[in-house]
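**Q** With chain A fixed as given, assemble chain B onto it according to the hints.
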Amino acid sequence: MNAPLAVEAVGLERTYSSGHATVAALAGVTLGIRRGEFVAVMGPSGSGKSTLLNVVAGLERPTGGTIRVDGEDLATLNEEALARHRSKRVGMVFQAFNLLPRFRVVDNVALPLAFSGVPTAERTLRARAMLERLGMTARADHRSNELSGGELQRAAIARALIGEPAILLADEPTGNLDTANGAALLALFEELHAHGQTVLLVTHDAQIASHAGRTIRMRDGRVVDQ
Amino acid sequence: MSLGNYGRARLRSGLTTAGVAIGTALVVLLIALATGAEDNVRRSIFSIGDLRLVTVQPFQPGANGLSAVPRTITDDTVAKLKDVAHVDGVYRQFDAPLGMVVEGGDDATIRPQGIEPGAPIDRGDLLAGRHLEAGDRAVAVIPGNIARLVAPNVGAAVGKTVTMRVGGAVKLGSTRIGGSGTPRDYTVKIVGVFDEQASQTSFRIPLDDALLAGAENRGLTPDGIRETTGYSGLAVEADDSINVADIVKAVQELGFSSFSLKQVVEQIDQGFGVFKGILAGIGGVALLVAAIGIANTMVMSVLERTREIGIMKAVGASPRDIRTLFLAEAAYVGVFGGILGLALGLAGGQIIDRVIRQLNPRTNPAAIFVVGPDLALGALALALGVALLAGFLPARRAMRMSALSALRYE
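Each protein sequence line maps, in turn, to chains A and B. Take 4 as the starting number for the first sequence in the working numbering and just add one per residue. Take 233 as the starting number for the second sequence in the working numbering and just add one per residue.
Only chain A is shown next, with the shape it has when bound in the complex:
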């Protein structure tokens, strides 16, 4: 597989200080994820897998090493540029869905485009098209508190994909779903992957990780197998 790297981490470190104690969430992570790959990052709680995802998403800055996403060195980006990185280069799916309850589903999906300067009419049109693609047309004008868990996560995926990101990041996306909805969601990831979408999924569950094309295992802030 010779596709260019979507994510490239070299000696990546992220430490937290609390008083005199220092905790290394990432202790020299080196890895590469190629475009079009479906990669699961697996490890026990505290292994650093969510921190890795947050660093790739630009939600956290590393304290050492380098991280490139779609060729861009995130360490060189200021806060404004990091925001653009989050709106255009990556799409994030959270375990807790994180939709805005007072917005309609279509408005939630269109939200990232609002911060990219896309006009209102166009972003609504694109959001509806994305919801249709994910089979959520009927729920477009509902408020998020009227949706089931599975629907909420689909809406969250629609929001993550609306900016046509280079990489889709998912942090325990099935954690709040029942088995049936979890399975449907994984099927959706597989389908997206089949259409060329790069997916980086974080989970502690080996069964979920088995849906990915490759699994990176982490423990104590280090990659132990990839």
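Hints listed in this document are in silico derivations from the structure and should not be mistaken for laboratory results. You may find that some hints are simply not true.
To be verified - Non-contacting residues of chain A with respect to chain B, defined by C-beta distances greater than 10 Å in every case (computed):
hint, residue
1, S20
2, R38
3, A60
4, R131
5, L191
To be verified - Derived contacts from chain B toward chain A, CB cut-off under 8 Å, selection only:
hint, residue
6, A546
7, P551
8, D553
Fair warning: this is a prediction, and the values are worked out from it, not measured in the lab. Note that beta-carbon positions come from the ideal geometry of N, C-alpha and C, so glycine has one too.
**A** Structure of chain B alone, referenced to chain A:
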């Protein structure tokens, strides 16, 4: 999005907006009241006379509160003032001793004022006849009240000849109010009658007649009067009121005291500026309270929406986007509060105006509250400015929030 947020917490937004509205209304009402009072005073002053005039008085102001020093206004003074830039005309005036019109009895006390044709004092206030003209001698333009003493009406007085007694004891009823020297009678023909609102005693007579009367009263010649006593005053007319200050300066440099309505108006403007400032300050306190309300509302809003801020940042909102979002919400409070406050101020002014007029029907017919475009726009800008200022710190707090911490906020 900001408008949606503003509308979401309707009660809270409404109360905060009401605070701004009350503050703005108070500022508008108080400044409108001061402006109305200023306009009335200015209008009264403008009705007194011409702002282009500078009156030169025959003394020099004493320094540091000392008594004024008498100075003689001569033809040399007149010549020098005529050469001053922006001077359109210099009119001499000589006040002869007080006197009376014999035909009018004891009530006809007069002040014979010798003036030159075209003098500012003798303009545009005629009830009948004409003003003084070049070459006039032994004529007078008299006030309406005296005209009615010597003729059935002001029109009938024109063309009538009366005896003007200058000097001697001048009485008002049984009280001696002035007069000097030996009384001397002069026959004058009434050529005009002016509205007595300007003066009830002034007899406008040709300058040379007044000088003659003054000289004869004191046993001098008119030239002797010119050199020793000098003129009673000069009316210096500027080409434009904006040049009055330069002329006043020139008069003072010649060593004479001066008076101009323009200076009075400027002093009144200064006084009202301070007055308005104080009133605006009182209104400003109300706006300050409103600003604290806005800040409180915004801080609460930021706290309540911490997780929302985190979500927005996670999907691509930049710190600037977040700051703009919250500042826009504060701006809505300011704009809506400002508009509402302006409307309240205007309506309140109208209501108070009506109540005052009902309680006192003799109230000056001019507007008591004056809200010009400056005040209206200024009040809106002030409300918006206060709201943005109050929203700045909460907006900055939201802007600086860590996306991850905000996402984890419960």
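**Q** Looking back at the hints listed earlier, which ones does the structure fail to meet?
**A** Going through the list in order, the structure violates hint 3 alone and respects the others.
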